[in-house]
Amino acid sequence: MMKSRNLTQTIAFAVLRAVTGVVVIPVVLVIYFLVSHGWHALSWHFLTSAPSGDLKNGGIFSPIVGTLYLVGCTIILALPLGLLSAIYLSEYAKPGPITRLVRLAIVNLAGVPSIVYGLFGYGVFCILLQLKECILAGSMTLALLILPVIIVASEEALSVVPHSFREAAMALGATKWQTTYRIVLPNAVPGILTGSILGISRAAGETAPILFTVAALYMPHLPRSIFDKAMVLPYHLFQISTQVPDCPPEIQWGTALTLLVIAVGMNVFSSILRVRFRKNRAW
Amino acid sequence: MRMRERIGTMNTKQLSRAGEFIIEKGIICCGVATIAIVLFIFIFLLNDALPIFKTNTLWQLISGRDWYPVPDEVFGMLPLILGSALVTVGAIVIGVPIAVASAIFIGEVATPRVRELLKPAVEVLAAIPSVVIGFIGLALLAPLLQKTMNLNTGQCALTGAIMLAFMSMPTIITISEDALHAVPQDYKAAAYALGATRWQTIIGVLVPAARSGILAGIMLGIGRAVGETMTVLMVTGNAAVMPTNIQSILAPVRTLTATIAAEMGETDRYGAHYPALFMVGAILFVITFTINLVADLALRQNRK
Numbered sequence: 168m169m170k171s172r173n174l175t176q177t178i179a180f181a182v183l184r185a186v187t188g189v190v191v192i193p194v195v196l197v198i199y200f201l202v203s204h205g206w207h208a209l210s211w212h213f214l215t216s217a218p219s220g221d222l223k224n225g226g227i228f229s230p231i232v233g234t235l236y237l238v239g240c241t242i243i244l245a246l247p248l249g250l251l252s253a254i255y256l257s258e259y260a261k262p263g264p265i266t267r268l269v270r271l272a273i274v275n276l277a278g279v280p281s282i283v284y285g286l287f288g289y290g291v292f293c294i295l296l297q298l299k300e301c302i303l304a305g306s307m308t309l310a311l312l313i314l315p316v317i318i319v320a321s322e323e324a325l326s327v328v329p330h331s332f333r334e335a336a337m338a339l340g341a342t343k344w345q346t347t348y349r350i351v352l353p354n355a356v357p358g359i360l361t362g363s364i365l366g367i368s369r370a371a372g373e374t375a376p377i378l379f380t381v382a383a384l385y386m387p388h389l390p391r392s393i394f395d396k397a398m399v400l401p402y403h404l405f406q407i408s409t410q411v412p413d414c415p416p417e418i419q420w421g422t423a424l425t426l427l428v429i430a431v432g433m434n435v436f437s438s439i440l441r442v443r444f445r446k447n448r449a450w
Numbered sequence: 017m018r019m020r021e022r023i024g025t026m027n028t029k030q031l032s033r034a035g036e037f038i039i040e041k042g043i044i045c046c047g048v049a050t051i052a053i054v055l056f057i058f059i060f061l062l063n064d065a066l067p068i069f070k071t072n073t074l075w076q077l078i079s080g081r082d083w084y085p086v087p088d089e090v091f092g093m094l095p096l097i098l099g100s101a102l103v104t105v106g107a108i109v110i111g112v113p114i115a116v117a118s119a120i121f122i123g124e125v126a127t128p129r130v131r132e133l134l135k136p137a138v139e140v141l142a143a144i145p146s147v148v149i150g151f152i153g154l155a156l157l158a159p160l161l162q163k164t165m166n167l168n169t170g171q172c173a174l175t176g177a178i179m180l181a182f183m184s185m186p187t188i189i190t191i192s193e194d195a196l197h198a199v200p201q202d203y204k205a206a207a208y209a210l211g212a213t214r215w216q217t218i219i220g221v222l223v224p225a226a227r228s229g230i231l232a233g234i235m236l237g238i239g240r241a242v243g244e245t246m247t248v249l250m251v252t253g254n255a256a257v258m259p260t261n262i263q264s265i266l267a268p269v270r271t272l273t274a275t276i277a278a279e280m281g282e283t284d285r286y287g288a289h290y291p292a293l294f295m296v297g298a299i300l301f302v303i304t305f306t307i308n309l310v311a312d313l314a315l316r317q318n319r320k
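Protein chains in written order, with this note's numbering: chain D, 168 to 450; chain F, 17 to 320.
Simulated from the structure, these hints should not be mistaken for lab results. Don't be surprised by glycine CBs; every beta carbon is placed ideally from N, CA and C. Treat the hints with caution; some may be incorrect.
[Unchecked claim] Heads up, simulated BS3-like pairs for lysine-lysine below, C-alpha to C-alpha not over 30 Å straight-line:
(1) F:Lys204 - F:Lys135
(2) D:Lys396 - D:Lys223
(3) D:Lys223 - F:Lys163
(4) D:Lys343 - D:Lys261
(5) D:Lys446 - D:Lys343
(6) D:Lys261 - F:Lys41
(7) F:Lys70 - D:Lys299
(8) D:Lys343 - F:Lys41
(9) F:Lys135 - D:Lys446
(10) F:Lys204 - D:Lys170
(11) D:Lys299 - D:Lys446
(12) D:Lys223 - D:Lys343
[As the list claims (entries may be wrong)] A partial selection of chain F residues facing chain D, derived with a Cβ cut-off under 7 Å:
(13) Pro145
(14) Met246
(15) Gly281
Next comes chain F alone, as it looks inside the complex (with noise of 0.2 Å):
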């Protein structure tokens, strides 16, 4: 009998054990699935996107410049690269440098109570879905543009730039803040004894120790208004016309993540256009992966 007993325990004692087993390696490949994911979104990315080199090089569909992709079937990107790059530089431009002075007043100048009205406007700012931002946009901003610029249009990439600018700010406001956060007290108690005054402290010391993290949050950023798609979508006008000089900006442009959202819905399954916005897709997943790449090294020699 108490034999019998030990062996039922033992049982279940083993069975507990291969239980725990099984439950450890469950919990470890979902774990790893995130690097899966990841991945597979790449190799899909490019295998849906490889019939298009039957047709064309890699070389000419980045340096092409007409996108006609019906019916001429014409691939060239560059429109679409340089309308990306311009509106995510416009939006650098305007964004950053607001976007680092809010992150320095919110985190170091304002009292505690001003800091706990000004943190969760920023928190609703990144909550606003970009099609409502991208609906003020239409309805506010680009007739307001027209009239004080006096443009044939006021959806050009200026007003993308503007919209963009003001969704890329939370990143990078929350995260330099947080880097601003992260420098040592020390420093400023070093600082404070030597008699600076709180604002040679904040630009002296402060924003040079947290520089890495402050860049790391700005690259994010710009990884979020490439990204970025409905605004675009609603604000830039959509036209695949090559930006030529500064003044374009003042002009109808066509981003990468705009063309895909405009133009697969209405794509040939085996056609040669359904490949073309693969490979746009693809390009785009590069172009952010090395953005968050860095941004995460920077982030890493930020917290040593």
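Chain D on its own, in the form it takes in the complex (with noise of 0.2 Å):
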């Protein structure tokens, strides 16, 4: 009886960290197809020159710079609103109806499939607005996509701030908005930045919301001003690798390799400060 228990336990752990290893073998795998595929593309050269003859030839130098440009005014927008939002969750919100609500529309947010975005975005900043197809539009697309990830991580970040501390500034005479300003926010600005880079990661990576609102097939020239198209990373690679006959594989898999580096490293950038920043915390 007590054998069999045992038995049991040791056939099922087995099995369990079988089943566990078909989730982790593949993402191994995966990264290690597009570093070894993507590697010899990747050159100074690929780098920092533009598409060229049809996307065929040449870099990846415009897509490059157009996402750094999308997401650096992607996080401009979400920033101010996703930070206040959190603000208003940590530190004003009663527990009541209306936070529930809050709650509840941030989790929505965050389901609402990225296409839909896309669409909402289309309709409303490029068609209604009538900015066309241009930077401004997408990062507006972009903004409301990535403000679940600001606001969730941000509240996080301001909630874990020691109660003690709002206790001391009120009794040293501050108000509610002079606690949170000088008190409680430079204590979780640690949290907001990495909150900040897992959404501009998120941002960088993101295809379905910039289809229609400022995704250029091709440029001859970098975008000039918010209110000009610009090529885009996963946009370009979702072109080279579908549209685009004949794209020799090693520009593709550059690109994706580019992408993946991006996107992940990011990622992993953020994870890493977190946890610098837990350690090194004064409480």
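Mind docking these for me? Both chains are given alone in their own frames, and the hints should help you get the complex.
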């Protein structure tokens, strides 16, 4: 009896271990293939020259620059609103139906399919506000998409600041806003920073929301203002892997690897920072 | 003099009180803005979809078996709905057992050192952009399936389902693991005290106690799979044909999301195709909203 119970456990754990391998091994394989196939394509020339010859030659400089512009504008738009919402939830909101609704709205914003954001952004920013396809329209769309990421991360960062800090400030006569602005916020900066990097990494990898709001198939020059279209890395990869016949595989793999490094790299960077900050925290 | 000073300080005090009031109201507005955004997205989608009802009823749209937007303006969404359903069900059948088992392993069985290796791998999987996963599916999995299963094309529903299974796994694993972690330690201690093995404790006590959280994770994983666009657009072959039986999993399909992505760029703003695609978007919104609502309720249940 005792033996069979232990045997069952040994078998069950072995099965669980094997199944977990089914999740992890493909991840390792995918990264291995991307690196081994894409490595040869990555050169200084590839990263710093513009695509040419129907996207079959040249490098990916303009899509990289376009992506940087786009995510830069996105975070500028998303951070203030996201941060203020987080301050509301962490410092001002009282438990009740409104707060409950706000939380439900955030969960749902995070669950709306990215293509629906694209549709919405196209309809509102490009057509209704007559911005046409441009960096501003694209980054406003992406800002809505990463808003939940920013809010959740910032709220978490604000709420771990010890309650005694707030009480001490209040006892010294500070108002609610003074306490929040001078005491709570500075202590939450590391968490807000890592959350923002996470948001940027998310925005950099998204394709569906930018399909009709900003992405250009090809542009002979870099974007000149936020009212210009832009070539963007994920859209570029989509084009050269599905729409351009006979695109050389090394260009495809090189582009995929670059995008992976940017998106996953920032994600990992954010995790490392988080661990660092947690270790060095004063409380 | 003293009086003037007092008045001065009173003014700044009153001023700061007014400022405080404005700031507080501003922050509340920003907090409530998220509700407004969700409502606005839905109302806007519906508003732009309305013109489609001049020529079609809702029932015609949902049950129509033919999607020929150009040039016939026939908008039967059943093939798209079934396409999304087929790929999503496939992804869930493949992904859920694997994800839940991994969550149990990572959360309850693995040693801390192994756990510290596995968790980042799951995080990396979540961070890979969908267009890169689509590219991998196109470059590696589709040719592999075509060869091994002797198909006409590797770009079929099954390829999409496998890729989506992997994309929904991080969500399911993370939330299930949290749910297992949230089970009170007393439960475990009580089970051990009764002589249960670790495995008996996991399967007999922890998993049942965490079931609503695990269910919420599965729901959110389904939501992720239904809403995923680029990967399915790239690997499912994009043929708007009706999946008729189980064999259809080996044939090309087209999902709701991929239809919007593939067609929106070329529509006429004032034609019937534009509102039809917004209707597809509104349907997607309702589906994911419902899924998220149910998941949220389940999570609240779990916390209690």
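Consistency of the hints with the structure:
1. With a C-alpha separation of about 23 Å, the suggested pair F:Lys204 and F:Lys135 falls inside the 30 Å cut-off, and the hint holds.
2. With a CA separation close to 21 Å, the supplied pair D:Lys396 and D:Lys223 stays within the 30 Å bound.
3. Between the alpha carbons of D:Lys223 and F:Lys163 the distance comes to roughly 28 Å, so the proposed pair stays at or under 30 Å and holds.
4. Only pairs whose Cα atoms come within 30 Å are accepted, and D:Lys343 paired with D:Lys261 is accepted, the gap being roughly 14 Å.
5. For the given pair, D:Lys446 sits about 29 Å from D:Lys343 by alpha-carbon distance, which is consistent with the 30 Å threshold.
6. For the hint linking D:Lys261 to F:Lys41, the alpha-carbon distance of about 14 Å falls within 30 Å, and the restraint holds.
7. As the CA atoms of F:Lys70 and D:Lys299 are separated by approximately 27 Å, the hinted pair is consistent with the 30 Å bound.
8. For a cut-off of 30 Å, the pair hint linking D:Lys343 to F:Lys41 stands: about 13 Å separates their Cα positions.
9. For the hint pairing F:Lys135 with D:Lys446, the CA-to-CA distance comes to about 19 Å; that is within 30 Å, so the pair holds.
10. For the hint pairing F:Lys204 with D:Lys170, the CA-to-CA distance comes to about 22 Å; that is within 30 Å, so the pair holds.
11. Distance check on the hinted pair: D:Lys299 and D:Lys446 sit about 47 Å apart at the alpha-carbon level, beyond 30 Å; violated.
12. With a C-alpha separation of about 59 Å, the suggested pair D:Lys223 and D:Lys343 falls outside the 30 Å cut-off, and the hint is violated.
13. For F:Pro145, the shortest C-beta to C-beta distance to chain D is roughly 3 Å, which falls under 7 Å, so the interface hint holds.
14. Interface hint status for F:Met246: upheld, as the beta-carbon distance to the closest one in chain D is roughly 5 Å, under 7 Å.
15. Using the Cβ-Cβ criterion of 7 Å, the hint placing F:Gly281 at the interface with chain D is satisfied: the shortest such distance is roughly 6 Å.
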